[in-house]
Amino acid sequence: MPFREPYLGWLITGVKLTFLIAAVTSILSLIVGTILAIMRSSRFKFLNIPAKVYVEIVRNIPGLFWLLFFYFVFPQILPFGLTDTLNRYTYYSVIAGILGLTVDNSAYVSDIVRTGLLSVPRGHIEAAVSTGLNRFQQIRYVILPVAFRTILPPLGTRMIHNFKNSSLCMAIAAPELTWATQQVESITFRGLEVTFLATVFYIGISLTLAVIMIRLERWLKIDVTSITQMRT
Amino acid sequence: MEFLLEQLANWKFYLIGAYPKGQLTGLTLNIVLAVLSIIIGLFFGILFGLGRTSCRRYLRHPCGLYVDVIRSTPLLLIIFWFYFFLPVVGAKMPLFWCAVISLSVYASAYQAEIVRAGILAVPMGQMEAALSTGMTRYQAVKLIILPQAFKKMLPSFVSFFNSLFKSTSIVYIVGIIDLTRTGVIISQRQPNRIYAAYFCMALGFWISCYMLSLASQILEKKLGILDYESYKPEICREDLVLLPLPKTVKRFLITQK
Numbered sequence: 001m002p003f004r005e006p007y008l009g010w011l012i013t014g015v016k017l018t019f020l021i022a023a024v025t026s027i028l029s030l031i032v033g034t035i036l037a038i039m040r041s042s043r044f045k046f047l048n049i050p051a052k053v054y055v056e057i058v059r060n061i062p063g064l065f066w067l068l069f070f071y072f073v074f075p076q077i078l079p080f081g082l083t084d085t086l087n088r089y090t091y092y093s094v095i096a097g098i099l100g101l102t103v104d105n106s107a108y109v110s111d112i113v114r115t116g117l118l119s120v121p122r123g124h125i126e127a128a129v130s131t132g133l134n135r136f137q138q139i140r141y142v143i144l145p146v147a148f149r150t151i152l153p154p155l156g157t158r159m160i161h162n163f164k165n166s167s168l169c170m171a172i173a174a175p176e177l178t179w180a181t182q183q184v185e186s187i188t189f190r191g192l193e194v195t196f197l198a199t200v201f202y203i204g205i206s207l208t209l210a211v212i213m214i215r216l217e218r219w220l221k222i223d224v225t226s227i228t229q230m231r232t
Numbered sequence: 001m002e003f004l005l006e007q008l009a010n011w012k013f014y015l016i017g018a019y020p021k022g023q024l025t026g027l028t029l030n031i032v033l034a035v036l037s038i039i040i041g042l043f044f045g046i047l048f049g050l051g052r053t054s055c056r057r058y059l060r061h062p063c064g065l066y067v068d069v070i071r072s073t074p075l076l077l078i079i080f081w082f083y084f085f086l087p088v089v090g091a092k093m094p095l096f097w098c099a100v101i102s103l104s105v106y107a108s109a110y111q112a113e114i115v116r117a118g119i120l121a122v123p124m125g126q127m128e129a130a131l132s133t134g135m136t137r138y139q140a141v142k143l144i145i146l147p148q149a150f151k152k153m154l155p156s157f158v159s160f161f162n163s164l165f166k167s168t169s170i171v172y173i174v175g176i177i178d179l180t181r182t183g184v185i186i187s188q189r190q191p192n193r194i195y196a197a198y199f200c201m202a203l204g205f206w207i208s209c210y211m212l213s214l215a216s217q218i219l220e221k222k223l224g225i226l227d228y229e230s231y232k233p234e235i236c237r238e239d240l241v242l243l244p245l246p247k248t249v250k251r252f253l254i255t256q257k
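So the sequence lines, in the order shown, correspond to chains A and B. Position 27 of the first sequence, counting from 1, maps to 27 under my numbering, and the rest follow consecutively. Position 16 of the second sequence, counting from 1, maps to 16 under my numbering, and the rest follow consecutively.
One or more of the hints may lead you astray.
To be verified - Subject to a maximum C-alpha distance of 25 Å in a straight line, what follows is the list of computed SDA-like cross-link-like pairs (lysine to any residue):
#1 B:Lys221 with A:Ser41
#2 A:Lys52 with B:Ala202
#3 A:Lys52 with A:Arg140
#4 A:Lys52 with B:Ser213
#5 B:Lys222 with A:Thr115
#6 B:Lys92 with A:Ile57
#7 B:Lys92 with A:Phe196
#8 B:Lys222 with A:Leu118
#9 B:Lys222 with B:Ser208
#10 A:Lys52 with B:Lys222
#11 B:Lys151 with B:Ile185
#12 A:Lys52 with B:Ser216
#13 A:Lys221 with A:Ser119
#14 B:Lys142 with B:Ile39
#15 A:Lys16 with B:Val69
#16 B:Lys152 with A:Ile125
#17 B:Lys92 with A:Lys52
#18 B:Lys92 with A:Thr150
#19 A:Lys221 with A:Ile143
#20 B:Lys92 with A:Ile187
#21 B:Lys222 with A:Asp111
#22 A:Lys16 with A:Phe201
#23 B:Lys221 with A:Arg40
#24 B:Lys12 with A:Phe196
#25 A:Lys45 with B:Gln217
#26 A:Lys221 with A:Tyr141
#27 B:Lys92 with A:Tyr54
#28 A:Lys16 with B:Arg181
#29 A:Lys52 with B:Ala215
#30 B:Lys221 with A:Ile57
Simulated from the structure, these hints should not be mistaken for laboratory data.
Please model the entire structure based on the sequences and the hints provided.
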């Protein structure tokens, strides 16, 4: 009996944490990535250059490094009292995992969003200027909605990638699914079965996310023909 | 600052470890892993990519299934599979070859996607023209389609090599002493030099990846862009046919507008 009481419980906690890490990092990296992309496409140098440097540094260093960095090095940079409280907190590894994955993913997201921003036709922005929107309103109401629709497929791929990357949190002992499987393996020596379960879970969730992204794309598509028909 | 210089002074440890006398470790191991797995992965990637674009259903569907399954499994789990499975089957292998096999399985799926994208980017007329001049299908693919497709695939190959090189750092988890493990070992032995050790580790990865990304940018400028990531969502509509689902669900998913 490979899955008596504690083991299934570990796996379920692992699944919960995997979902939590994936969801939080996706949302955070989407926010950070969008801000970075807007900064990168700005004409002010003090916004432009830091974002560029950040993306260039993060994109060329593996994600695992960031996880290890936030787990081992980051608490030492902080002032001592804060480090102490952090280390006393049991789930610091989860926080480190979320931070590391966000840093890693946000650079890629910002690259994707930037291509979306560049793909917005010049005429849209001119039209927005001529209707009297200010710079923030232009970005919020005209540029971003169009840009996000064009970048939805690569963004979805990136988020699925991020979901798969959450398995790396095992390296810093965040108790998510892969870590739980290793824990079960080290006690019961049934590595195959547990790894099989984890693989099925990851494949299932990735495919489900892919299907959701396809549906979402079709749902969000602006129906150009109906707009032109309305005008005439 | 002097800690940093001290770390940079034992560059040999980060780059090759104790190679001529002992094991090969450090950054060179990452490079060897990445190069070996991309070469093996390229061979299988071309096979699977050609299989995916084949018009024969018994070739296309298994290849598609393989690619989708591998692409939706985390690399870490693929490594674990070979780590646990090879001993069960009876093949006792050094850890290094385990890593090479799992990385090349991973690479082959992604490269099959790149190859497929490249082949689909070649205009349909080329194949028809080749067939109408009396070539066999094998000749047409080998002499006409693949050379053109390769030219289009080259930039995305380089950028995939970049991401694969970064992924090789994952072998840290199963205990292979690559650059990441080297840095962690040094930082654990000398806790007061932790910043310098991590900095050197990051520097090693950054320099090599930056070179690669520069190369891919130059290639993209010369040959035109074909982004393997944005070419297709993780699973495309026709692949859904493969899933073992009831027909009504499939019809719901595949409905055309």
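Results for each hint:
As the CA atoms of Lys221 of chain B and Ser41 of chain A are separated by approximately 20 Å, the hinted pair is consistent with the 25 Å bound. Only pairs whose Cα atoms come within 25 Å are accepted, and Lys52 of chain A paired with Ala202 of chain B is accepted, the gap being roughly 18 Å. A threshold of 25 Å between alpha carbons decides the hint, and for Lys52 of chain A with Arg140 of chain A the separation of about 22 Å falls inside it, so the pair holds. This hinted pair checks out: Lys52 of chain A and Ser213 of chain B have alpha carbons roughly 14 Å apart, not beyond 25 Å.
Distance hint between Lys222 of chain B and Thr115 of chain A is fulfilled; the C-alpha atoms sit about 19 Å from each other, no more than 25 Å. As the CA atoms of Lys92 of chain B and Ile57 of chain A are separated by approximately 39 Å, the hinted pair breaks the 25 Å bound. In summary, the hint linking Lys92 of chain B to Phe196 of chain A is supported, as the alpha carbons are separated by about 20 Å, within the 25 Å threshold. Proposed proximity of Lys222 of chain B and Leu118 of chain A is supported: the alpha carbons are some 21 Å apart, at most 25 Å.
For the hint linking Lys222 of chain B to Ser208 of chain B, the alpha-carbon distance of about 21 Å falls within 25 Å, and the restraint holds. For the hint linking Lys52 of chain A to Lys222 of chain B, the alpha-carbon distance of about 23 Å falls within 25 Å, and the restraint holds. Of the pairs offered as hints, the one joining Lys151 of chain B and Ile185 of chain B is violated, with about 42 Å between alpha carbons and a cut-off of 25 Å exceeded. Annotation: proposed proximity of Lys52 of chain A to Ser216 of chain B holds, straight-line Cα distance about 18 Å (limit 25 Å).
A distance of roughly 16 Å separates the Cα atoms of Lys221 of chain A and Ser119 of chain A; the hinted pair therefore holds under the 25 Å criterion. Restraint check for Lys142 of chain B and Ile39 of chain B: the C-alpha separation of about 19 Å stays at or below 25 Å, so the hint holds. Restraint check for Lys16 of chain A and Val69 of chain B: satisfied, since their Cα atoms lie roughly 23 Å apart, inside the 25 Å limit. A hinted pair counts as satisfied when its Cα atoms are at most 25 Å apart, and Lys152 of chain B with Ile125 of chain A does not qualify at roughly 33 Å.
Taking the CA atoms of Lys92 of chain B and Lys52 of chain A, the gap is about 47 Å. The hint is violated against a cut of 25 Å. Proposed proximity of Lys92 of chain B and Thr150 of chain A is contradicted: the alpha carbons are some 49 Å apart, above 25 Å. Between Lys221 of chain A and Ile143 of chain A the alpha-carbon distance is near 15 Å, which keeps this suggested pair within the 25 Å criterion. Between the alpha carbons of Lys92 of chain B and Ile187 of chain A the distance comes to roughly 22 Å, so the proposed pair stays at or under 25 Å and holds.
Distance hint between Lys222 of chain B and Asp111 of chain A is fulfilled; the C-alpha atoms sit about 21 Å from each other, no more than 25 Å. Taken as a hint, the Lys16 of chain A and Phe201 of chain A pair is honoured in the structure, with Cα atoms around 12 Å apart against an allowance of 25 Å. Proposed proximity of Lys221 of chain B and Arg40 of chain A is supported: the alpha carbons are some 21 Å apart, at most 25 Å. Between Lys12 of chain B and Phe196 of chain A, the direct Cα distance comes to roughly 40 Å. Violation of the 25 Å bound is thereby established for this hinted pair.
Pair hint Lys45 of chain A plus Gln217 of chain B holds up; C-alpha atoms about 23 Å apart against a cutoff of 25 Å. Taking the CA atoms of Lys221 of chain A and Tyr141 of chain A, the gap is near 16 Å; set against the 25 Å cutoff, the hint holds. Taking the CA atoms of Lys92 of chain B and Tyr54 of chain A, the gap is about 44 Å. The hint is violated against a cut of 25 Å. In summary, the hint linking Lys16 of chain A to Arg181 of chain B is not supported, as the alpha carbons are separated by about 29 Å, beyond the 25 Å threshold.
The hinted pair formed by Lys52 of chain A and Ala215 of chain B meets the criterion: a straight-line CA distance of about 18 Å does not exceed 25 Å. In summary, the hint linking Lys221 of chain B to Ile57 of chain A is supported, as the alpha carbons are separated by about 22 Å, within the 25 Å threshold.
Checked against the numbered hints listed earlier, the structure breaks hints 6, 11, 16, 17, 18, 24, 27 and 28; every other hint is satisfied.
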